[in-house]
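Peer 1: The hints should help you fit chains B, C and D onto chain A, whose structure is shown.
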Amino acid sequence: MTESFFDRLGEKLTRKMAQGISRRSMIAKAGSAAVVTSSLPLLPVQRAQAAQAQPAAVSDFDRRAQSTDPTKCDYWRHCAIDGVLCGCCGGGVHTCPPGTQPSPVSWIGTCRNPVDNRSYVIAYRDCCGRTLCNSSPDCHCNTEDRELPVYRPQANNDIIWCFGGSSAVYHCSTAALVGQAE
Amino acid sequence: MTESFFDRLGEKLTRKMAQGISRRSMIAKAGSAAVVTSSLPLLPVQRAQAAQAQPAAVSDFDRRAQSTDPTKCDYWRHCAIDGVLCGCCGGGVHTCPPGTQPSPVSWIGTCRNPVDNRSYVIAYRDCCGRTLCNSSPDCHCNTEDRELPVYRPQANNDIIWCFGGSSAVYHCSTAALVGQAE
Amino acid sequence: MTGWFRHVSAMVASVVVSAPAVAQAAEPSPALQAEQSDVAQLPAMGAHWVFPYTRTTAITIYDGDNGHVLGTIPATPLANNVITPDRRTIYVTETSWSLVDHGDRHDMLQQFDARTLERVRELALPPRALVGRKQQNFDVDANGKLGFIFDLSPASAVTVVDLSAFRVVRTVDIPGCALVFPWQSGGFSSLCGDGSLTNVAVGTDGKASVTHSKPFFSADGDPVYEQSLAERAKGDAYFITYSGKVMKAHLGPQPVIEPAWSIQQAAGQPAAGTGVQELAWRPGGTQPFAMSYYNHHLFALMHTGTYWTHKTAGTEVWELDTQAHRLVRRIDLPAPAKVVAVSQDEKPLLYANGENGNLMVIDLQSGKTLRNTHIDAGAMTVTPP
Amino acid sequence: MTGWFRHVSAMVASVVVSAPAVAQAAEPSPALQAEQSDVAQLPAMGAHWVFPYTRTTAITIYDGDNGHVLGTIPATPLANNVITPDRRTIYVTETSWSLVDHGDRHDMLQQFDARTLERVRELALPPRALVGRKQQNFDVDANGKLGFIFDLSPASAVTVVDLSAFRVVRTVDIPGCALVFPWQSGGFSSLCGDGSLTNVAVGTDGKASVTHSKPFFSADGDPVYEQSLAERAKGDAYFITYSGKVMKAHLGPQPVIEPAWSIQQAAGQPAAGTGVQELAWRPGGTQPFAMSYYNHHLFALMHTGTYWTHKTAGTEVWELDTQAHRLVRRIDLPAPAKVVAVSQDEKPLLYANGENGNLMVIDLQSGKTLRNTHIDAGAMTVTPP
Numbered sequence: 000m001t002e003s004f005f006d007r008l009g010e011k012l013t014r015k016m017a018q019g020i021s022r023r024s025m026i027a028k029a030g031s032a033a034v035v036t037s038s039l040p041l042l043p044v045q046r047a048q049a050a051q052a053q054p055a056a057v058s059d060f061d062r063r064a065q066s067t068d069p070t071k072c073d074y075w076r077h078c079a080i081d082g083v084l085c086g087c088c089g090g091g092v093h094t095c096p097p098g099t100q101p102s103p104v105s106w107i108g109t110c111r112n113p114v115d116n117r118s119y120v121i122a123y124r125d126c127c128g129r130t131l132c133n134s135s136p137d138c139h140c141n142t143e144d145r146e147l148p149v150y151r152p153q154a155n156n157d158i159i160w161c162f163g164g165s166s167a168v169y170h171c172s173t174a175a176l177v178g179q180a181e
Numbered sequence: 000m001t002e003s004f005f006d007r008l009g010e011k012l013t014r015k016m017a018q019g020i021s022r023r024s025m026i027a028k029a030g031s032a033a034v035v036t037s038s039l040p041l042l043p044v045q046r047a048q049a050a051q052a053q054p055a056a057v058s059d060f061d062r063r064a065q066s067t068d069p070t071k072c073d074y075w076r077h078c079a080i081d082g083v084l085c086g087c088c089g090g091g092v093h094t095c096p097p098g099t100q101p102s103p104v105s106w107i108g109t110c111r112n113p114v115d116n117r118s119y120v121i122a123y124r125d126c127c128g129r130t131l132c133n134s135s136p137d138c139h140c141n142t143e144d145r146e147l148p149v150y151r152p153q154a155n156n157d158i159i160w161c162f163g164g165s166s167a168v169y170h171c172s173t174a175a176l177v178g179q180a181e
Numbered sequence: 000m001t002g003w004f005r006h007v008s009a010m011v012a013s014v015v016v017s018a019p020a021v022a023q024a025a026e027p028s029p030a031l032q033a034e035q036s037d038v039a040q041l042p043a044m045g046a047h048w049v050f051p052y053t054r055t056t057a058i059t060i061y062d063g064d065n066g067h068v069l070g071t072i073p074a075t076p077l078a079n080n081v082i083t084p085d086r087r088t089i090y091v092t093e094t095s096w097s098l099v100d101h102g103d104r105h106d107m108l109q110q111f112d113a114r115t116l117e118r119v120r121e122l123a124l125p126p127r128a129l130v131g132r133k134q135q136n137f138d139v140d141a142n143g144k145l146g147f148i149f150d151l152s153p154a155s156a157v158t159v160v161d162l163s164a165f166r167v168v169r170t171v172d173i174p175g176c177a178l179v180f181p182w183q184s185g186g187f188s189s190l191c192g193d194g195s196l197t198n199v200a201v202g203t204d205g206k207a208s209v210t211h212s213k214p215f216f217s218a219d220g221d222p223v224y225e226q227s228l229a230e231r232a233k234g235d236a237y238f239i240t241y242s243g244k245v246m247k248a249h250l251g252p253q254p255v256i257e258p259a260w261s262i263q264q265a266a267g268q269p270a271a272g273t274g275v276q277e278l279a280w281r282p283g284g285t286q287p288f289a290m291s292y293y294n295h296h297l298f299a300l301m302h303t304g305t306y307w308t309h310k311t312a313g314t315e316v317w318e319l320d321t322q323a324h325r326l327v328r329r330i331d332l333p334a335p336a337k338v339v340a341v342s343q344d345e346k347p348l349l350y351a352n353g354e355n356g357n358l359m360v361i362d363l364q365s366g367k368t369l370r371n372t373h374i375d376a377g378a379m380t381v382t383p384p
Numbered sequence: 000m001t002g003w004f005r006h007v008s009a010m011v012a013s014v015v016v017s018a019p020a021v022a023q024a025a026e027p028s029p030a031l032q033a034e035q036s037d038v039a040q041l042p043a044m045g046a047h048w049v050f051p052y053t054r055t056t057a058i059t060i061y062d063g064d065n066g067h068v069l070g071t072i073p074a075t076p077l078a079n080n081v082i083t084p085d086r087r088t089i090y091v092t093e094t095s096w097s098l099v100d101h102g103d104r105h106d107m108l109q110q111f112d113a114r115t116l117e118r119v120r121e122l123a124l125p126p127r128a129l130v131g132r133k134q135q136n137f138d139v140d141a142n143g144k145l146g147f148i149f150d151l152s153p154a155s156a157v158t159v160v161d162l163s164a165f166r167v168v169r170t171v172d173i174p175g176c177a178l179v180f181p182w183q184s185g186g187f188s189s190l191c192g193d194g195s196l197t198n199v200a201v202g203t204d205g206k207a208s209v210t211h212s213k214p215f216f217s218a219d220g221d222p223v224y225e226q227s228l229a230e231r232a233k234g235d236a237y238f239i240t241y242s243g244k245v246m247k248a249h250l251g252p253q254p255v256i257e258p259a260w261s262i263q264q265a266a267g268q269p270a271a272g273t274g275v276q277e278l279a280w281r282p283g284g285t286q287p288f289a290m291s292y293y294n295h296h297l298f299a300l301m302h303t304g305t306y307w308t309h310k311t312a313g314t315e316v317w318e319l320d321t322q323a324h325r326l327v328r329r330i331d332l333p334a335p336a337k338v339v340a341v342s343q344d345e346k347p348l349l350y351a352n353g354e355n356g357n358l359m360v361i362d363l364q365s366g367k368t369l370r371n372t373h374i375d376a377g378a379m380t381v382t383p384p
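Chains as they are written, first to last, in numbering that gives the first Met the number 0: chain A, 0 to 181; chain B, 0 to 181; chain C, 0 to 384; chain D, 0 to 384.
For reference, chain A alone in the conformation it holds in the complex (with noise of 0.2 Å):
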């Protein structure tokens, strides 16, 4: 049995990864004796950075996206969100739900104010610990703008993004702004 290695592992690199390091030194630092390929993901900002520099058509999402309401599926920040709003659960739009935890690593979008006509990065944070939260029907989304399989694992929102905390049990996702894609 490996499961203290993997525990171990586990929550060194999501503390790792929440400080911000890069997973390609952390993974080549953990010296598994096992398989290291080239493919190893970006750090999310880098990657959604690398995503931008292609050019940018507007999407279904985000030419129906609106700015006032993010307790509804097509407010501007969920093109990529899959799961329960925590703004309808007690939080908010990166605001927990009280007695849930947010989640140290995340997953990443890139969605389209259209405020401003900008491009930003999301943090998709899921708040943890809790049982799922029983909220409206409408406040359950799963937009799909540039969402990738699991092997690109901070693109995918089939994840439950709850590692590092004090139980991996899913709650509800947050849509917190990290910065401009640009």
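The hints are simulated quantities; they were obtained by calculation from the structure and are not laboratory data.
Watch out, some of these pointers could steer you wrong.
Pairs of lysine-lysine, DSSO-like flavour, derived with a Cα cap of 27 Å [unchecked claim]:
no. : chain 1 : residue 1 : chain 2 : residue 2
1   : B       : LYS71     : C       : LYS310
2   : C       : LYS346    : C       : LYS367
3   : A       : LYS71     : D       : LYS310
4   : D       : LYS233    : D       : LYS213
5   : D       : LYS346    : D       : LYS233
6   : C       : LYS233    : C       : LYS133
Peer 2: Leaving out everything else, chains B, C and D in the frame of chain A:
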């Protein structure tokens, strides 16, 4: 902490009750230091017979009951069942679904068979040890003929009757025929 | 958990993003700034907060005035909760298995801070009763010192918890009896199958002294509802029978029980009997009664039916003056309901959980239905004391 | 558990009550006789059984021919299941916490007997990936000897289990890669973020040898679906991209990948691109693909939309001949669906989980919808191999 005492007491009582030994003698024998009142419930079958001694008018449930489809709430034996019918879950009217276990004790109802106009004692044995059966809403029943509060536990359908099994998790309810009520 | 949580809370700064004032101004608006994640805290508990059990996973805290979700307390279908008289603490009794439906069984008392909703501490309990949710499975006394938790394994008992020391004081056997109706302090009474009460005083030394009252109702003839009401602040109980007879009791080692009056007679109708073909307005539901304790008005979910319809959903709520024994008004519900609850202020809101999973909110001053929203509401709803 | 269970099973006699033949005969019919409780067992697993995930608590086994429930396997939203090639065993990977949402975390492999649905044994695992349910999180090889369980903690790894000895062989790190596509025997491949495959052979000595294939797709340009298909019996995979390109691969230490063909071109339409304003018929859902392995017809949930609609529900199922690369037929669904599955016999039934929670059952011979019933169907449905 009296946890282990209660664990043992619960187990002992359950086994004895399953073997048909009166609960009164058991509780006396348990020799608990605490309260013994004069209001001990009688044995299930005895109590059901006592109830039958009163003039038995026909209830609305009895009038409308059918005897052909045991997977419906209005099947005659289901005059006081609270839960999911095991016949809708891979079991039957006295058969637990595969992978579940019948509770050795149960609560008791008295229902009228519209075919022979006789009243029968029904043992509402729960099937236990597995997460709730996800059957059709038609199979979720809550009938209440002669159903009494929890201070008359053997006539109460709000209790999870899963004492003595591997786990007290409720899966579904059966309605086994125990005998004639007369 | 708590240590890590504090760490994160300390890390997050309070950077707030101000939204651009003008949407499409000619000069480019400044870019939005980065945000830090934080965790919400609640204000002091309001009288119009309401705690319905939702789905099979949670008690969801709603603001009755605007319908917003305020937070979530975890609760399986086996859980019960109590809000303490000072509204600062929420207790939850819970039972779970380590591997979902098997493995080690855990019976727990969990204490939540009402502002942070953090789980402050938890206590392992002897096996609890696994029965339908109702307030009478678990309650605390008026000063919040003792908690009483009903056990059924299958012998009846009550676990007494010292809530300050957060430890089990003792488990008191109550054979033939069930449920807890707390006294003003220092004890509880339980309803018994012979129509009596068992009364358990818990001394400061932790010892229990037990008395038995004479029978005052017939469990076979017209049983008292499990969901009869306890007024902790006064140590009173309102015992209500299947047919609708109300008996006020002052609880203690020697309970004093007042004569019964009929809900139906209070409404100018014949008293309802126990005939299986006798049609009458009757109480019913999984939480059929609530009371405004400032004026002692009883709210009862009522439907038309025969005897043995004590779990049937109500189509109306009857408001009854329990001192004058008369009907105040009948309130038509938007949909049949199994649960009624009421806020404990003098501008009360009435809540009803519909069979359809809706939470209905009715302003008792205007009589208006403020909301009727699907929230997967279940078999119980709690309001702040 | 098992000991007690056998005891009860032995206790119960097979007394069966015969219903009275004539309902209201003149002479009184004999009274019905007492019954004993027993426990149902299942016959050998039929090709038309279907295993949808239902609500957040179970995999409910349905008989696709008559719509009856056959039994229940416990499964939280974190569970994944596999039916072994001999159909005698059902494996479930599960993660739970001892106190519902906190306490000790347990990652388990549970083995169920397919006839009794008893939990035969269970094995503690290293932490599993907690991600949306999909077959590619957990699979077994064609001879049922090895199980592969995807981990993500958050580093990527796969736990290899010897299913006969029922023990963890080893955990193999697969950095930058994810999911498992089993070989015919002795190993698996995983999809990687650089568009390649990582291939892990597990020797009889338990040692892992790892190879890397060259990139054959672009994760940024047009990623391969996580829910691409593995044909265990042949060790083949069908990798399908967001835009609808299909690449057959023979898996092993040196995978052989065939050229891509377009689902849309197979249907006589232009190949779909990756334009965010480019309207086309596109695949989508949480389980968008299934295959009838006897004739290698692919079933794809299709909808009209632009690129980045890879999770959108399908309004049609397209049946495609994967050898001729041509459309066989388009099947209109009664309601939009997120999941498609197909039985593995030569009189196949097609299953679709509606967004509305319905299970739709379509007879592929007649084209008729046999059933469209609300069962709270979720994000995944498994059929017997």
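Peer 1: Hints first: check each against the structure and report whether it holds.
Peer 2: Checked hints:
1. Taking the CA atoms of LYS71/B and LYS310/C, the gap is about 19 Å. The hint holds against a cut of 27 Å.
2. Between LYS346/C and LYS367/C, the direct Cα distance comes to roughly 13 Å. Compliance with the 27 Å bound is thereby established for this hinted pair.
3. Between LYS71/A and LYS310/D, the direct Cα distance comes to roughly 19 Å. Compliance with the 27 Å bound is thereby established for this hinted pair.
4. A distance of roughly 22 Å separates the Cα atoms of LYS233/D and LYS213/D; the hinted pair therefore holds under the 27 Å criterion.
5. Proximity of LYS346/D to LYS233/D is assessed by CA-CA distance (about 21 Å); at most 27 Å being required, the pair is judged to hold.
6. This hinted pair checks out: LYS233/C and LYS133/C have alpha carbons roughly 21 Å apart, not beyond 27 Å.
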